[in-house]
Every structure is written in C-alpha cells, then in structure tokens.
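Protein chains: 4
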Amino acid sequence: ASPLVLISGPCVIEDYKTTYDIALYLKTLTQDLDMPFIFKASYDKANRTSVNAFRGPGVKQGLEILDAVKKELKIMILSDVHQLSEVEQASQVLDIIQVPAFLCRQTDLIFEVAKTGKTVNIKKGQFLAPWDTANIIEKVLSVGNERVLITERGTMFGYNNLVVDFRGIKIMQDTTGCPVIFDATHSVQLPGGSGKSSGGQREFAPILARASVAAGADGVFLEVHKDPDAALCDGPNSLRLDDLGPLLSQLKELKSII
Amino acid sequence: ASPLVLISGPCVIEDYKTTYDIALYLKTLTQDLDMPFIFKASYDKANRTSVNAFRGPGVKQGLEILDAVKKELKIMILSDVHQLSEVEQASQVLDIIQVPAFLCRQTDLIFEVAKTGKTVNIKKGQFLAPWDTANIIEKVLSVGNERVLITERGTMFGYNNLVVDFRGIKIMQDTTGCPVIFDATHSVQLPGGSGKSSGGQREFAPILARASVAAGADGVFLEVHKDPDAALCDGPNSLRLDDLGPLLSQLKELKSII
Amino acid sequence: ASPLVLISGPCVIEDYKTTYDIALYLKTLTQDLDMPFIFKASYDKANRTSVNAFRGPGVKQGLEILDAVKKELKIMILSDVHQLSEVEQASQVLDIIQVPAFLCRQTDLIFEVAKTGKTVNIKKGQFLAPWDTANIIEKVLSVGNERVLITERGTMFGYNNLVVDFRGIKIMQDTTGCPVIFDATHSVQLPGGSGKSSGGQREFAPILARASVAAGADGVFLEVHKDPDAALCDGPNSLRLDDLGPLLSQLKELKSII
Amino acid sequence: ASPLVLISGPCVIEDYKTTYDIALYLKTLTQDLDMPFIFKASYDKANRTSVNAFRGPGVKQGLEILDAVKKELKIMILSDVHQLSEVEQASQVLDIIQVPAFLCRQTDLIFEVAKTGKTVNIKKGQFLAPWDTANIIEKVLSVGNERVLITERGTMFGYNNLVVDFRGIKIMQDTTGCPVIFDATHSVQLPGGSGKSSGGQREFAPILARASVAAGADGVFLEVHKDPDAALCDGPNSLRLDDLGPLLSQLKELKSII
Chain A
5 ASPLVLISGP
15 CVIEDYKTTY
25 DIALYLKTLT
35 QDLDMPFIFK
45 ASYDKANRTS
55 VNAFRGPGVK
65 QGLEILDAVK
75 KELKIMILSD
85 VHQLSEVEQA
95 SQVLDIIQVP
105 AFLCRQTDLI
115 FEVAKTGKTV
125 NIKKGQFLAP
135 WDTANIIEKV
145 LSVGNERVLI
155 TERGTMFGYN
165 NLVVDFRGIK
175 IMQDTTGCPV
185 IFDATHSVQL
195 PGGSGKSSGG
205 QREFAPILAR
215 ASVAAGADGV
225 FLEVHKDPDA
235 ALCDGPNSLR
245 LDDLGPLLSQ
255 LKELKSII
Chain B
5 ASPLVLISGP
15 CVIEDYKTTY
25 DIALYLKTLT
35 QDLDMPFIFK
45 ASYDKANRTS
55 VNAFRGPGVK
65 QGLEILDAVK
75 KELKIMILSD
85 VHQLSEVEQA
95 SQVLDIIQVP
105 AFLCRQTDLI
115 FEVAKTGKTV
125 NIKKGQFLAP
135 WDTANIIEKV
145 LSVGNERVLI
155 TERGTMFGYN
165 NLVVDFRGIK
175 IMQDTTGCPV
185 IFDATHSVQL
195 PGGSGKSSGG
205 QREFAPILAR
215 ASVAAGADGV
225 FLEVHKDPDA
235 ALCDGPNSLR
245 LDDLGPLLSQ
255 LKELKSII
Chain C
5 ASPLVLISGP
15 CVIEDYKTTY
25 DIALYLKTLT
35 QDLDMPFIFK
45 ASYDKANRTS
55 VNAFRGPGVK
65 QGLEILDAVK
75 KELKIMILSD
85 VHQLSEVEQA
95 SQVLDIIQVP
105 AFLCRQTDLI
115 FEVAKTGKTV
125 NIKKGQFLAP
135 WDTANIIEKV
145 LSVGNERVLI
155 TERGTMFGYN
165 NLVVDFRGIK
175 IMQDTTGCPV
185 IFDATHSVQL
195 PGGSGKSSGG
205 QREFAPILAR
215 ASVAAGADGV
225 FLEVHKDPDA
235 ALCDGPNSLR
245 LDDLGPLLSQ
255 LKELKSII
Chain D
5 ASPLVLISGP
15 CVIEDYKTTY
25 DIALYLKTLT
35 QDLDMPFIFK
45 ASYDKANRTS
55 VNAFRGPGVK
65 QGLEILDAVK
75 KELKIMILSD
85 VHQLSEVEQA
95 SQVLDIIQVP
105 AFLCRQTDLI
115 FEVAKTGKTV
125 NIKKGQFLAP
135 WDTANIIEKV
145 LSVGNERVLI
155 TERGTMFGYN
165 NLVVDFRGIK
175 IMQDTTGCPV
185 IFDATHSVQL
195 PGGSGKSSGG
205 QREFAPILAR
215 ASVAAGADGV
225 FLEVHKDPDA
235 ALCDGPNSLR
245 LDDLGPLLSQ
255 LKELKSII
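Chains as they are written, first to last, in my numbering: chain A, 5 to 262; chain B, 5 to 262; chain C, 5 to 262; chain D, 5 to 262.
Honestly, the hints are just simulated from the structure, not real lab data. As the structure is a computational prediction, the values presented were derived from the model and not from experiment. Using N, Cα and C, we set each Cβ at its ideal position, and we do this for glycine too. One thing to keep in mind: the hints can contain errors.
Unchecked claim - In silico DSBU-like links for lysine-lysine, alpha-carbon gap of 30 Å or less:
#1 LYS230(D) / LYS75(D)
#2 LYS75(D) / LYS174(A)
#3 LYS78(B) / LYS64(B)
#4 LYS256(A) / LYS256(D)
#5 LYS122(B) / LYS200(A)
#6 LYS174(D) / LYS75(D)
#7 LYS174(C) / LYS256(B)
Unchecked claim - If you want a taste of the chain C side facing chain A, the calculated C-beta under 10 Å gives, among others:
#8 TYR20
#9 LEU37
#10 MET39
#11 PHE161
#12 GLY162
#13 ASN164
#14 ASN165
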C-alpha cells in the first residue's frame, strides 16, 4: 500500500518569513514521520466572500516567494490558479497546479493547466456528485496529461454548511483511477456563515481527517497556521501548527491498518 | 407595480439565422403582450459537463452575430462572460452582462464586468444561500455600478438535482434592493444527471415560472428553441418556442394580481 | 376547474371558546368567499420537540370540543391521530383523519385510519420524495378506501430548515391521482431551530401559499391564531387571523387563472 | 478507553433456526475477538415502503423466538417497538429497547420505553440535526432512566439518498453524554430508491463503519444475513455473515488507535 501523502501549508502567503517558517516546520515534521509532503499556499484568494477581505501578494510576488521557499527547502509546491493568464507563470514554479472548487467546471482553465504537463489537482466542486468528477478528469486526459489528483472538500448541505460523503472517496477512486486527497480543513468551513466571511469548525477537522484515512483516502490536505485566530484567511478552519504532529502520527497509524 | 420582464433566447448561438429568427419571434410576441424583453444567447458555453460538448461560435463571431441581431431588431441583448479578457469586447455589444452561476464568487470578474457601467446580471450560484448574494452585490456597488439584477436558478439538493427555494426571491429583494429574475429553465436542470451532459425536466419549467411570479419575481428567464430535442445545448430543459405565448400571457395575468 | 379548498384552524385546541371563535371566524370568511372550508385543530401534539411543551387537552376532551364546534357551526372537521387506539374514537367526530408527517410510514396506523372509511389526509414526511407517496396511497387503497388527500409540508434541507419543491405537487397529483394540499405554515417551520421548540418564518407563508396555487395545488392548509406570538404551539409559523381574508381573496384569484 | 461494541443480527426474524444460527455465529465470532456483543432482530417491520412487504412473525411469536435464543445462548438482545401496547411485553425479553428513527419524536413511546428501566436505544431520525437529539434524551431522563444510547443512521440528502455527517458523532457525544452507535448498514440505504422497497449500497457499509470508528463511534450496528440477496428485508444493505470477521478485526484495531 502506498504511504499517506500530506498537502499542507497556510491558506494564503502572508509574507516570506511566515511562509518559510511554516514550510520548514512541516518539512521537518514529515521527514521525521517519513511521510511524503507537498507544501501548499495561495498567492491570490480570488473568490473571498467579501470585497474587503485580504487576497494575498498576487501572482508575481507570490510565485517569487514560493520559488524561494522551494529552492531553499527542496520541497514540492502546490498552489492554485484562477485565470488563464496565470497558468504559464505558475507552471514555472509549481509542482502541482490546483484548480479551485468553484472553477472545476471551467473547461479552458482545465485545458490550460493540463497542458503544462504538471500534476493537476482538481478540487471537487461543492456542487458536484462524486461520479461527475469523471467528466473533469476526462478533460485533463484529453490533452495528454495523466497526472491528476482529485481533492474532496465537502458538498453543500442546506445553506452555509457542508457535509462530507465518505462514499465519494471510493466512488472517485473507482471511476477515475486517480488518487483522492481529503481536504479536512475546507470540509469544515461554514460557507458564508459568518456574514462577511466563511466560518469554520476547526475542532472537527481532525475527526474528519481520521475518518477519511479509515475510508481509504490517499492523502490529506490540512491548512495550518501558527496562530489560526490571527490568520488573514480561513483562520476559523485552520489547524494550529503545534497540533499537527500528533494528528499526523495517528493518521499514519490508521493508514497502516487499511 | 412594475411589469414582468422577460429574458429569453436560445441557450447558445447556433448560427445567425437561427438566432435572428428566435429573436424576431420573441420581439413580436412580447410587443403584442407589452412585456419588456431582453434577448439572451451565449457565444461560449465554457463550463459544459463533457469535453466533447458543443461550445458555440466563440467570443468574436458570437458578438458579431449578437450585434447584427441587435441592430436589425433594435432589442436589448444579454450574454454571459467567462474570462476577464472577454469583458471589454462584450461590453461593446451587450446591454446586460451576465456573470455565470459557477463564477459568481470570482471577485476580479465581478469587478471587470461592473466597471463597464453596463447592467450586471449575477446568476446566484447553486451553492449559495440567498442572503449571501448581498456580498456579491456589494462587490458590484464598490466600483460605482448600481445597475444590478440577481437571477435565481435553483440550489443543489442532493446529487444531480436542484430545488428552488421561493423564500429566496423575497430574501434577495429585501437584502439587496435588486430586482430578482427567476430562471425557470436552468432551475429544472438535473446537473450531470445524464452522464455526459446535464439532464432536464422541461415539463416543470412552466410550473416553476408560475410559482415564481406568484412569489414575487420581477422577471423570468426562459431558454427556448424551435425544436428543443435537437438543440445543441440544454435541450432537455428548454421550452418550445411555440409554447411560449400562452405561458407568457398567463404569467402576465398572475403578475397583475400580486 | 375545482375551487381552491381551505384547511385552517389553530395548531392545537387551547379551549372551547378559542376554538369556537376561530372556527366561526373562518366559516364566515370562507362563506363570503364561496370557498370550501375544513376546520383543523389538534387535540394532542404527540411529537413536540421538548418534554415540557404544551400538548393539548387530549383525545377525549379534545374530540368533545371538536364535536361541539362541529354541531354548532355545521362545518367539516379535520384532526390528526397518533395511536391505533385513538382512531375509532376520532372517526366518530372527524370528517377527515390526518396521518402526521412523522407517522406517514407506519403501516398499521394507515390501515386503521383507512378502514374507518373517512377521508384520509396523508401528510408527506419531511424525509420523503414526492414519488414515494404512491406506496403510501396504495396502503390506503388496499383496504378499500379511495378518499385520500396528500399534504405537502416541505422537505428537509440541511439541518433545522425545510424547502418546498414545487415540482412535487404535480408529481404527486400525476402519480397518485389524489388532490394535493399545500401546508404553507408548517412548510416555513425551522424544525428544532429554536432549541427547545421549532422556529418559524411566518412572513414567508403567504408567499409560499401564492406560489403553491400558481403551481397547481388543490388546496391550502394554514394554521392561524388570534395572536400568534401568544400561541401555545407553532406560534412562530402561524398566521394572524385578521390577515387571512386578503390572502384568501388573492389565492382564489390566482387559482382562477391556473 | 472502552472497547468497541457490536450490535448485529438479521433485519427481521425469519424463523427460529435462522435467527439462532446467526446469533450463535455472532456470539462465537465476538467471543474470539473479545468484543461486547448485542444481538439484534426485529419481530415486526411496521414501516415497510410497500404494503406487500414481509413484516416478520409479529410481537408474540417474535419475542418467543428472541427469548429462546437469549436463554440458549446467554446473549443480550435488542429489538425495536412501534406501539405503546408492545412495550411491556417487549421489556420482558429485551435488554435494550430500540425506538425506530421515524418514531424518535413520539413522546409517549419514548416515555413508555424509558419507564421500563431497560436501556433505551434512540435511533436518530433521518430528518434530525445531531444537536436536536438532546431534546429526545431529555425525555428519557425525565422519567428517571439514564441508560440511553443514540444510534446514527444517516441523514436525508436530497431524494432517495442518505449521507452520514461524521461531525454528528462527536456533537451527540458532547451534547448528551450518551454513547453513540453507528448503524453502517442502514446508513447505506437508498430510501424508497427501488420503487417498492428501499435500495442499498452494501459495498459502502464497511467503508463507513471504518470511518465511524476513526471518528470516535462507541459501537457499530451491522445487519447481516447468510445470503443477503435472499433476505426478506433490507437485503440490499445487509452484509454477508462470512465477511464480518475480517471487518470486525479491523474495526477493533482502528478503535485501539483512537
């Protein structure tokens, strides 16, 4: 059986130092656990709930920071793109290019990302049935790129709430043949639930992460922050960096049984 | 009370002749009914379920066709944009620029569209609570554009199904002050429900259209086709052009009571 | 086309005087409108959210009050049963026996009610698809009773919320051949949403009632109270008695167009 | 940490021999695993989808069979009640009395069951939020019975489908203090999904069972049959008896890590 993969980092690049520190912490932690690790941070949060929310350093400065961290630490980097015009630049730096959940049905963006030849991480839309990811994967394959991950991040359940259907992990693995990553921190968001931003239930992220590994997930995606309550984005659902070690050990142990 | 507005046309521009014929038919029909009318057709279906689906003539040729129809018939035109790069071109031709439901949270696209000064039609995402449209409207207002419509097109209800919450029309009118249009034909889609394309339940569109007017909608949005079963896009949920007249008369009568 | 039917009354029998006064008010109002009317009140709220909630006068005293009101005003009476042992007694007084939504799958209760030969009103469970009512109707028919109504009262939508799927009215009419009543006041409940009781959104009941008639409902079910904020049950979703007249006139006018 | 509890047996009592054989198999299996075990079988399926479905031997003969099995094998027995009149009889034989999901809001039934002093297993309604179980538990406690279990069996998700919200296990444990059992086989039902009966997705039951243990469930509830495809009730979601051993070993191992 393949080892559990970790995709982790802060929601958004706040500055070089913070980004580097988190990446270094995660690299060390996962090396000790012998766990494959990909660093994740966004340079632009292009779909924030409110017009006044912090969006990040933007594509140019953001990619520079990610490139510097990558070279310094020799780690793999994942980030997300939102415009056709960003994709080429992003592919110079990133190892895995992520298509955001809201954009997972935008055919041209999928094509542009797939054509880079980089690994593509499709975030499954909150509005999509598990079996409907097969049509998206086919779009990636149609341009000759076979390196695809699917990330589950919950499904709309009434208003301002998400639910994770753990049958979906198996369904997506079986219908697409792709590894399925479980995004435990976005799955506990309460979309729009705080008025001007999305709320979150950080306390449930470890529980759902454990459930996902037991249900057969190939990897977990966890947003972290040194001090989540002070985070500029997605604080309510981010995990404290210091709490990550014990959780990862446990997830690794669970994976060994499945 | 203001009169009921109709936004109608084929899902996608198939060619000039078909587009012109439908527009002429609708213009004549709505003139007879004294009903304000805006013609709608898309030049690019950028988020089709499958990679092999027909997408339309593209932005350049599509806008040329719309421009010709507009000048010939002297009617208002609405179409949707999917990329920042399309917006300026589209604003040369369109009277109302529509932001697709899947893209209603893309802040930059909202800004770009709003800055044209044209009327903006925000399609409410299938994943959004009615009250959460207020944050989107605020993005439009923040660049000084106060001409905004919201279009309801159903909310995810389990997998491959939508439900219309008619409380939402009032909620959106009250929280944003914007007119609310009800898209009866997309609301009866079964997203992804036909495997390689979305299914639809055309037979329920008139029922929901009637319910929406009784519930206080300011306008209705109805996709039509001369022969829906032969349509290149959204046939399963499009109405037959010949069935439109009696429905519109009835909707107008309902509106007069509310 | 058959006229719109009204089923209305207080949620629970509070005492004889209150019950009589409301019934008289409704009888007079519907006579003026020439609208068929059935009086509804419950003698036992057997499934209140909390153990401490008011439940009503009970089966014996409740049926006595309903019988007195019936004889005094010469009106038809509907109430609901919850135990096999109540059914025979209830059938002595009631014209229509209602099976509560939570109990709509209890085969023995359906049989017992159906065997009385009285008209049966099946409240569609909040957990049921419209097409699944056909199996329930078949249970009624199987004992030789063909007088059945189905009442729509909303479907679970996430937690502590209901949504009305107006496609369901047509679906149930077509699959069962039964008249479909729309319960506008229970459809705006927020189940369990107030902690110790269900909340409600009274302001949306007239909107949904209008939508239901436009969508083809055969009748509406509206709980009313002289002073809903002081009601002992379902106050948050009950309508003020004084507001009923204008609403009913409008519903009647809408029905005439459909 | 307390050991994982197993509640298991056939959906319905088909006859003495079948019931005894399954109980013996399960007793032996769980003794080998040192896993606390409660045998479950229903004597009456009072809420079958269709009027023609098999319902079981009924309360008298069913309880006799359960009593004989109990005395022969010296095991604990759980079954469900549907009428007030059954409760006293059932309490003579059963160790745990279960309140069915559809009936979890029937106050009198809860009282009657709670008053027996037996352990009460409340099946959480498919229409209930996790936090709303607290009001039900309070009804049990109000008559002086503190021995209560809650069983999660999925929540309505659109039509003819259920989803399990694994946040709910923790929410119910925290708000009620009761052990929470996860019913993996009813959670994979497709209610009404086969027209005249509920469908099921047996293949997902082990996956969800594993997820539930990882998410902190105190026990699992698994319906089994020697030959599920020939079962008279709930075959589509029952597990094959022969597949149970390896699953239980794995669940026990998962529990030891949590």
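Against the structure, the hints:
no.	hint	in the structure
1	LYS230(D) / LYS75(D)	holds (22 Å)
2	LYS75(D) / LYS174(A)	violated (42 Å)
3	LYS78(B) / LYS64(B)	holds (20 Å)
4	LYS256(A) / LYS256(D)	holds (17 Å)
5	LYS122(B) / LYS200(A)	holds (26 Å)
6	LYS174(D) / LYS75(D)	violated (36 Å)
7	LYS174(C) / LYS256(B)	holds (22 Å)
8	TYR20	violated (41 Å)
9	LEU37	violated (36 Å)
10	MET39	violated (35 Å)
11	PHE161	holds (5 Å)
12	GLY162	holds (1 Å)
13	ASN164	holds (8 Å)
14	ASN165	holds (5 Å)
Violated hints for the displayed structure, listed by number in ascending order: 2, 6, 8, 9, 10.
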